[in-house]
Amino acid sequence: MLITFDHVTKQFEDGTIAVDDVSFSVAKGKLVTLIGPSGCGKTTTMKMINKLISLSSGSITIDGTDISEQDPVELRRNIGYVIQRIGLLPHMTIEENVALVPKLKGWKKEDYQKEVDDLLDLVGLEPSTYKKRYPLELSGGQQQRIGVIRALAGKPPIILMDEPFSALDPISREQLQDELKLLQKNIQKTIVFVTHDMDEALKISDEVIVMKDGCVQQIATPDTLIHQPSNAFVRSFIGEDRVKQAIETTSKRQASSVMLPLTAEVLQESTPRLPDSSPLQEVAKMMLTSKANKIILMAADGEATGWIAKDQLLKELAGIDMEVI
Amino acid sequence: MEHLQVFMDTVVSRQDLLIERTIQHLYLSFIAILIAVGISLPLGIYISRNRKVAEFYIGITAVLQTIPSLALFGFLVPVLGIGSITALVALIIYALLPILRNTYTGITGVDEGIIEAGEGMGMTQRQILWKIQLPLSLPFMMAGVRTATVLTVGVATLATFVGAGGLGDVIWRGLQSWNNSLVLAGAIPVALLALLFDSLLKFVEKKVTPKGIKY
Ligand SMILES: Nc1ncnc2c1ncn2[C@@H]1O[C@H](COP(=O)(O)OP(=O)(O)OP(=O)(O)O)[C@@H](O)[C@H]1O
Ligand SMILES: [Mg+2]
Chain A
0 MLITFDHVTK QFEDGTIAVD DVSFSVAKGK LVTLIGPSGC GKTTTMKMIN KLISLSSGSI
60 TIDGTDISEQ DPVELRRNIG YVIQRIGLLP HMTIEENVAL VPKLKGWKKE DYQKEVDDLL
120 DLVGLEPSTY KKRYPLELSG GQQQRIGVIR ALAGKPPIIL MDEPFSALDP ISREQLQDEL
180 KLLQKNIQKT IVFVTHDMDE ALKISDEVIV MKDGCVQQIA TPDTLIHQPS NAFVRSFIGE
240 DRVKQAIETT SKRQASSVML PLTAEVLQES TPRLPDSSPL QEVAKMMLTS KANKIILMAA
300 DGEATGWIAK DQLLKELAGI DMEVI
Chain B
0 MEHLQVFMDT VVSRQDLLIE RTIQHLYLSF IAILIAVGIS LPLGIYISRN RKVAEFYIGI
60 TAVLQTIPSL ALFGFLVPVL GIGSITALVA LIIYALLPIL RNTYTGITGV DEGIIEAGEG
120 MGMTQRQILW KIQLPLSLPF MMAGVRTATV LTVGVATLAT FVGAGGLGDV IWRGLQSWNN
180 SLVLAGAIPV ALLALLFDSL LKFVEKKVTP KGIKY
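Keeping their order, the protein sequence lines are chains A and B. Under numbering that gives the first Met the number 0, think of the first position of the first sequence as 0, with each following residue one higher. Under numbering that gives the first Met the number 0, think of the first position of the second sequence as 0, with each following residue one higher.
Chain A on its own, in the form it takes in the complex (with noise of 0.2 Å):
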């Protein structure tokens, strides 16, 4: 299911501007992170898919059908969603909880017992011990499991959630961070994500989109956000530390990754040569202290198999789109 959301912005009754003129699309079957601040606009922005929240002015359609025109009880089925709050009826039971999206559709009950059992054995949670206990019985850690899985439950296209795992401990949340990630490929479900946390975006995502004070800063795959921050305040979101660390990473892969087949004019000149498995660091190092300004490289055996211009290298270092040059 394709989301795509045409200049929408949302402004609240007290004037509070929470979604401005934001421009994204959601690709079948894609995993899409909004991350930024506290504030930032991500659960308004989620909010507004499943018509919890209307918008102001702009549009958003799925599947190239805008959501005004839905009703919104028929749209929210088919559209799963993991609140913030993680929202448990409290009066029901697990199984209950659970299996009440596939109630309301009407499913069978042996069809609706079986989702249910499996989707607890999917969080790791031992159907027999818990389907029958309430929610307040549960930990919080296993409240948030049972709340992703309710989202899970009636087998919806589109899953939105708001910061789902933020009650877990690490190991628990990098578990559930993997399942999702194999559901998604699996079952080609559209996932809207919401987190705080920059690991966890840059993880999961297909794409990743970093908001500030109601606005889009930057749409990009994880690898182009942490090569390529498009401005101080991302850069500074994601961290120093890991944009750095991915520049190390970048000198470090091999030469032969971003070599450029040979031409016969390469070939003919007096130039430098290393094995295409070296470091870009090292092929860096051979230029300058060569004073060339390419480097041919080859494989074990001593055959030529490719090159690198200096200025190739210098933008593939500083992570910088050869496209957009």
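Bear in mind the hints are in silico, worked out from the structure with no lab data behind them. Quick caveat, the model's predicted, so the values are computed rather than measured. Yeah, the Cβ is synthetic: ideal placement off N, Cα and C, and Gly gets one too. Watch out, some of these pointers could steer you wrong.
[Stated by the list, open to error] In silico DMTMM-like cross-links for lysine to aspartate or glutamate, where the CA-CA straight-line distance does not exceed 20 Å:
id	chain 1	residue 1	chain 2	residue 2
1	B	Lys-130	A	Glu-73
2	B	Lys-205	A	Glu-136
3	A	Lys-243	A	Glu-302
[To be verified] Chain A residues, not near chain B, derived (Cβ > 10 Å throughout):
id	residue
4	Arg-75
5	Thr-92
6	Arg-234
[What the hints assert, rightly or not] Counterexamples of contact, computed for chain B against chain A with all Cβ distances above 12 Å:
id	residue
7	Leu-42
8	Gly-119
9	Glu-204
Chain B with the ligands: place on chain A using the hints.
Okay, now just chain B with the ligands, sitting in the frame of chain A:
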């Protein structure tokens, strides 16, 4: 011991009167509560979904509550005459506030996150009311009914002044004839009834509290 003997003699010799008045008292209280619940519960649900008017309705019932009970009976007589209708109206007016207020605070007190989850999952407003808000606020409503009932059983002793009978009759007769035993024979059942209903309804309150929210 002598006093006790006199009291017991009074109870025995007036037992027909006592039984009749107790039944009358119960009847008045019961009907009044029933009608008050019939008004306050739906009204409480209504104002919990139209919060702008909530203040207004709760305000009215609160003002009515502040009228001294004897005065309220007095006000109603010129309008409704004397008889059980007048007594019932007065009792209903008294019972409205506790039920209305508890229903309102019960429903509006349900955690926003829970409501949001319900909405987010595609429950209709009606489903949210019946499956979330009402079950979760039922203990509050019952507490309101309990308060109202205890109050009504007490205030119903004044029904005698508008000719509606009840145990107030017995008390009043005792007072007029300087018969302390008779006063007590009327007052003690009132207190017992209040206590009885209180514990009975407390039990019901516990029963209706959803399992998951008993800590
Ligand atoms: N109902 C509302 N009325 C007025 N302002 C609101 C309302 N809801 C949110 N806001 C404001 O809109 C802004 C964005 O809120 P939002 O909840 O989307 O932030 P967030 O990015 O999800 O933050 P957090 O990370 O803390 O959850 C905040 O300034 C908030 O105070
Ligand atoms: Mg939020």
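Evaluated hints:
Pair hint B/Lys-130 plus A/Glu-73 holds up; C-alpha atoms about 18 Å apart against a cutoff of 20 Å. For the proposed pair B/Lys-205 and A/Glu-136, the alpha carbon gap of about 19 Å is at most 20 Å, so the pair holds. Only pairs whose Cα atoms come within 20 Å are accepted, and A/Lys-243 paired with A/Glu-302 is rejected, the gap being roughly 34 Å. Residue placement check: A/Arg-75 does not keep its beta carbon more than 10 Å from all beta carbons of chain B (closest about 4 Å).
Remark: the non-interface label on A/Thr-92 conflicts with the geometry, its nearest Cβ contact in chain B lying 7 Å away (cut-off 10 Å). Residue placement check: A/Arg-234 keeps its beta carbon more than 10 Å from all beta carbons of chain B (closest about 35 Å). The Cβ of B/Leu-42 sits about 24 Å from the closest Cβ of chain A, beyond the 12 Å cut-off, so the non-interface label holds. Annotated as non-interface, B/Gly-119 brings its C-beta within 12 Å of a C-beta of chain A; the closest such distance is 4 Å.
For B/Glu-204, the requirement that its beta carbon stay farther than 12 Å from each beta carbon of chain A is met, with the minimum near 15 Å.
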